[in-house]
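Quick note, the sequence shown lines up with residues -28 to -1, 1 to 291 if you use mature numbering (1 follows the signal peptide of the UniProt record, and there is no 0).
Worth flagging that the hints you see were computed from the coordinates, not collected in a lab.
Each residue gets a CB set at the ideal place from its N, CA and C atoms; glycine is no exception.
There could be a bad hint or two in this list.
As the list claims (entries may be wrong) - Okay, derived cross-link-like pairs now, DSS-like style, lysine-lysine, Cα gap no bigger than 30 Å in a straight line:
1) K114 <-> K2
2) K123 <-> K88
3) K150 <-> K123
4) K150 <-> K2
5) K104 <-> K68
6) K123 <-> K2
7) K150 <-> K114
8) K104 <-> K150
9) K123 <-> K180
10) K68 <-> K123
11) K189 <-> K123
As the list claims (entries may be wrong) - Now the in silico label distances, taken between C-beta atoms and shown as ranges:
12) S60 <-> K104: 39 to 49 Å
13) S67 <-> N135: 16 to 26 Å
14) E122 <-> D78: 16 to 26 Å
15) N65 <-> H162: 30 to 40 Å
16) E42 <-> S80: 32 to 42 Å
17) T100 <-> F163: 51 to 61 Å
18) S166 <-> D25: 46 to 56 Å
19) T100 <-> Y167: 20 to 30 Å
20) D3 <-> T115: 42 to 52 Å
21) K180 <-> V128: 44 to 54 Å
22) N58 <-> G153: 25 to 35 Å
23) S166 <-> R193: 21 to 31 Å
24) T100 <-> N58: 31 to 41 Å
25) E122 <-> M257: 12 to 22 Å
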Amino acid sequence: MDKDCRREYGKMRCALLQLLLIVGGATGLKDLTINVPATVRSGDTVTLSCHYDLEGSSLYTIQWFHDNSEFYRYVFDRVPPASSFNVSGIQVNISKSNTHDVTLVDVSRNLTGWYKCEVSASSPSYHTMIEKAMMEVVDAPKTDPTIRTEKERIAVGETLRVNCTSGNSRPASTVTWKLNGDSIEDNNPHFIVSYHKTSHPDDMKSTKSQIEFRVTKDMFRNGRLRLRCTATISDVYRKSADIEITEDVPRIASITFESPYDPRANGCAGQNWPWNGNRGAAIIMATVAATLFLMMTSLMMTVPPITNVLARSEPAGSR
């Protein structure tokens, strides 16, 4: 009987001691944080991390899960301590994984999901803490965005429309615009910006954006207007395409009809002839002059010469 009482008393003491340690905060494990990148590109090598404070206690185990499927475990008192489990799509680099980090090789978009880190301290508490975070694996575009416009030259006051199309990706890219290096916000009343997403095989998508605005004089820099569209996916993909539009300035004809070329280039150098610089007018005037000359020559050849005949006077005394 005494032996049984002592056994029960020992169990109660152990339970009470563990309860006091937990209530007093001396659990041997605290401040668990998880570091999982929010977005990565497919094909990348990714390192997931868990950081914690054991308060001098020993580590019992650390486990990693993808959507509740365990793929990595580290048990401190085992040899070898690290092991991986067969989970579809997950390749663990054991040599670069330890009590804090686990390294995944050649991640694919199927590995998008929740990642959970579970840490347990050793005896006497065996206290366990869990943290989780979301990671998205992106299929980035394999081609750069393309930019096109219906006009290469445009005059002030005309309407300009420019299209930008991103490459296929998963998820779809976000497209933004810049004019002469300045960002164009969607709520800017001077610009009409539209977006359209197109689905492609294998769950891929592309984004097409059109910007439309009326051109003003202050938009030109040295006679050129510069537009840039940029396609982005989070912080893992960013590519741009540029286009330049030339200002179309009306050409005003010269009032004096002076030639814009060197006056020494013709035989009448230095003279302000009315046909200088106007080839069509010169041809017409030369044709008219030649016609008049031929008409006058023809008249002179067909009309007989007129001879003045003087009347003869008879001598007064001849009768």
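For each hint, the structure was consulted:
Of the pairs offered as hints, the one joining K114 and K2 is violated, with about 44 Å between alpha carbons and a cut-off of 30 Å exceeded. Between K123 and K88 the CA atoms are separated by roughly 54 Å; this puts the pair beyond 30 Å, and the hint is violated. As the CA atoms of K150 and K123 are separated by approximately 18 Å, the hinted pair is consistent with the 30 Å bound. A hinted pair counts as satisfied when its Cα atoms are at most 30 Å apart, and K150 with K2 does not qualify at roughly 48 Å.
Using a Cα cut-off of 30 Å, the hinted pair K104 and K68 holds, with the two alpha carbons roughly 21 Å apart. As the CA atoms of K123 and K2 are separated by approximately 64 Å, the hinted pair breaks the 30 Å bound. The suggested pairing of K150 with K114 holds, with an alpha-carbon distance near 23 Å, which does not exceed 30 Å. Between K104 and K150 the alpha-carbon distance is near 38 Å, which puts this suggested pair outside the 30 Å criterion.
Only pairs whose Cα atoms come within 30 Å are accepted, and K123 paired with K180 is accepted, the gap being roughly 19 Å. Between K68 and K123, the direct Cα distance comes to roughly 55 Å. Violation of the 30 Å bound is thereby established for this hinted pair. The hinted pair formed by K189 and K123 meets the criterion: a straight-line CA distance of about 17 Å does not exceed 30 Å. Distance hint for S60 and K104: a CB-CB separation of about 19 Å, inconsistent with the stated range 39 to 49 Å.
Under the hint 16 to 26 Å, the C-beta atoms of S67 and N135, about 49 Å apart, miss the expected range. The hint said 16 to 26 Å for the Cβ distance between E122 and D78, and at roughly 44 Å that hint is violated. Restraint check, N65 to H162: a C-beta distance of roughly 53 Å breaks the suggested window 30 to 40 Å. At roughly 19 Å, the beta carbons of E42 and S80 sit outside the given window of 32 to 42 Å.
Checking the proposed 51 to 61 Å range against T100 and F163 shows it holds: the Cβ atoms sit about 55 Å from each other. A hinted range of 46 to 56 Å holds for the C-beta pair S166 and D25, which are about 52 Å apart. For T100 paired with Y167, a C-beta distance near 47 Å fails the hint of 20 to 30 Å. Range check, D3 to T115: Cβ separation about 45 Å, and the 42 to 52 Å hint holds.
In this structure the hint that K180 and V128 lie 44 to 54 Å apart at CB is violated, the actual value being about 28 Å. The hint said 25 to 35 Å for the Cβ distance between N58 and G153, and at roughly 52 Å that hint is violated. A hinted range of 21 to 31 Å for the beta carbons of S166 and R193 is consistent with their spacing of about 26 Å. Look at T100 against N58: about 24 Å separates their beta carbons, and that is not inside 31 to 41 Å.
At about 43 Å, the beta-carbon gap between E122 and M257 misses the expected band of 12 to 22 Å.
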